[in-house]
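> The residues making up each chain are set out below.
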Amino acid sequence: MNTLYLDGQSLLHRLSTRAKLGGLAVFSVFLFAIGHPALLGIAAIAAAFAYASTGIDWKPGLARLRPAFITIAAVTIFALLFQPPMEALIILFRLTALMLAAAAITATTTIGAFIDTITWAAKPFERIGLVRAADIGLSVGLVIRFVPEVTLRYRSIRDAHQARGLKVRPVTLLVPLIIQTLKNADEIAAAIDARGIR
Amino acid sequence: MDIHFEETSVRYEGRTALEPLNVRLTERRIGVIGLNGSGKTTFARLINGLVKPSSGKVSVNGFDTVKESEAVRTEAGFIFQNPQNQIILPILKEDIALGLKRKKLSAAEIETAVAAVLTRFGIPHLADRRTHELSGGELQLSAFASVLVTQPKILILDEPTNQLDLLNRNLVERTMAGMDENLIVITHDLALVENFDRVLLFSKGRLIGDGTPDAVITQYRSLAGA
Amino acid sequence: MSTRDLVLVALFAAIIVALGLVPPVSLGIIPVPVHAQSLGVMLAGVVLGAKRGTLAVALFMLLAAIGLPVLSGGRGGLGVFMAPPSGYLYGYLAAAFVTGYISERFVQSGQPGIVQGTYFFVAALAGGVFACHLLGVLWLAYVTGLGLQAAFLGTLAFIPGDALKALIAAFAGRAVMVGYPLLPSRA
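Chains as they are written, first to last, in the numbering used here: chain L, 1 to 198; chain W, 1 to 226; chain A, 1 to 187.
Take these hints with a grain of salt, some might be off.
Capping the alpha-carbon separation at 30 Å, the derived lysine-lysine pairs in BS3-like fashion look like this [as the list claims (entries may be wrong)]:
#1 W:K67 - L:K123
#2 W:K104 - L:K183
#3 W:K57 - W:K93
#4 L:K183 - W:K93
#5 A:K51 - W:K204
#6 A:K51 - L:K167
#7 A:K51 - L:K183
#8 W:K52 - L:K183
#9 A:K51 - W:K153
Since the hints were made in silico from the structure, they are not lab data.
With the rest of the complex left out, here is chain L (with noise of 0.2 Å):
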């Protein structure tokens, strides 16, 4: 699995993730506050600097925002249908000015920065007993590490059934998978605890 970061120099490649994290918050505020079109279609036009900023490619750089445009343009057309044209520019503008934001911060911030940030920030969580900030980044780990395994898995439980003539049922499907799976769970947790790690 390949993350959405990109190698680069930009100003947001250079800045810490809280300042990124918190910029975006604040941003976020200011977008559902403000309700002038003009002004938010000029934040909307400032992300897209900020995404193109980034040194993400064409193509790669529109292909990445598709998925969230498109919804948008859903949204956009049935609010047109609702709503008067001013609330619906509102609308595209106010959710483009977001999404490019965002995306500008996932191109920017690889996933080792991110965990550094929300380990620190769960760190007073640590101290009332709620969790404990190192399995943050140790539950992620896992989770990288075995994806692959449960995806091989599905797979060759899928061929089988093929193998046997039979059709390929969703239940018949998930319940091997989630068994064969969740069986490894206390050899790995036995793995854990005798290395001392947690």
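Based on these hints, arrange chains W and A on the given structure of chain L.
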């Protein structure tokens, strides 16, 4: 090494997995054999504290496995049967480094230690690899590295070659032969333990054989109907 | 949290990711193949219960947030939390929690299969259909700005498909309970 079982027994929900046991382990190479369900895995897991005794106690180099479990884990590492379940992070060198987290080393020291242990097991070239791409044999050697990076004096291995093909089984056997640590190996693969110092035989939760590999393996074979 | 629970949560999150990566499945009645990911969310509840099921979904969402393309269709990044359909993504959390909670409260090991299956179905409907769509609609209506009426109309089309997924989750939940029971009992 000094592992001491004193009146140790293990019971689960009315079933006795291990009858009260008194045994002292000091030899460099110890094998543990027996049929499935004989209690040999329970025995192994008592040593590093994965299983707690229902009665009696187990001590490893002076440390009680229940009360001083962290110290016990520093003394004894554990290798499991399934190579896939022991390496838990996506990039190998990050997984190996996990064991060093508690030691508060600098990044450079960690890198050196990881490289050293990978080299020891002949897999330095796998450091940057994605762990899901590693073969069973490579994973099992990686498991060795991940456990031995913290330099425990004792290594317990629970059927370490069970899921490996012959090539990888031989590789693991050669690796074990070259190790200075005390090894306690639970296995069905009798050839692995035939040159060991001592072999224990379990049957239905009881220790019924304890001595030289020749004698105990013969005893096991007659038990298994040879 | 025990190491075993942590691993169960992580493995289930991996299952949810995998269900978004593999090709869509045909559900039989519905001619259009659908991604099984939302099914995975309901399954988290029926198999692991409320706490671990919700954590599995939360972990899955964290992976998406930090830039992994784990949402079905290869989507990921912070943007998926700020787009029109994002309410349904937040709804996944509610779905796992509600489904898990109801499952824990009503399903017990001694019950006949049909009873367990029925409780699981009710749990999956309440969580995976009702709670999830509620959040989806609220987000569409108020954050996206579509208004309640339009949002509600928009969501109706997806309910039959999700109800079918709830049925599948019920069958599967029951079968997993027989094979490898993990559901805590809070009855």
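> Run the distance test for K51 (chain A) versus K153 (chain W): straight-line Cα separation, threshold 30 Å.
Not OK: K51 (chain A) and K153 (chain W) at ~39 Å, beyond 30 Å, violated.
> Is the straight-line distance between the alpha-carbon of K104 (chain W) and that of K183 (chain L) 30 Å or less?
violated, 34 Å
> Are the Cα positions of K52 (chain W) and K183 (chain L) separated by 30 Å at most?
holds, 22 Å
> Hinted pair, alpha-carbon criterion (30 Å max): K183 (chain L), K93 (chain W). Please report holds or violated.
Cα-Cα ~26 Å, so holds.
> Sort out whether K204 (chain W) lies within 30 Å of K51 (chain A), counting only the CA atoms.
violated, 39 Å
> Checking one constraint from the list: CA of K51 (chain A) to CA of K183 (chain L), max 30 Å. Satisfied?
holds, 19 Å
> Within 30 Å, alpha carbon to alpha carbon, are K67 (chain W) and K123 (chain L)?
holds, 28 Å
> Straight-line Cα separation of K57 (chain W) and K93 (chain W) no greater than 30 Å?
The given pair, whose Cα atoms are some 37 Å apart, is violated under the 30 Å limit.
> What's the verdict on K51 (chain A) and K167 (chain L), does the C-alpha distance respect the 30 Å limit or exceed it?
violated, 34 Å
Going down the numbered hints, you'll see the structure goes against 2, 3, 5, 6, 9, while the others check out.
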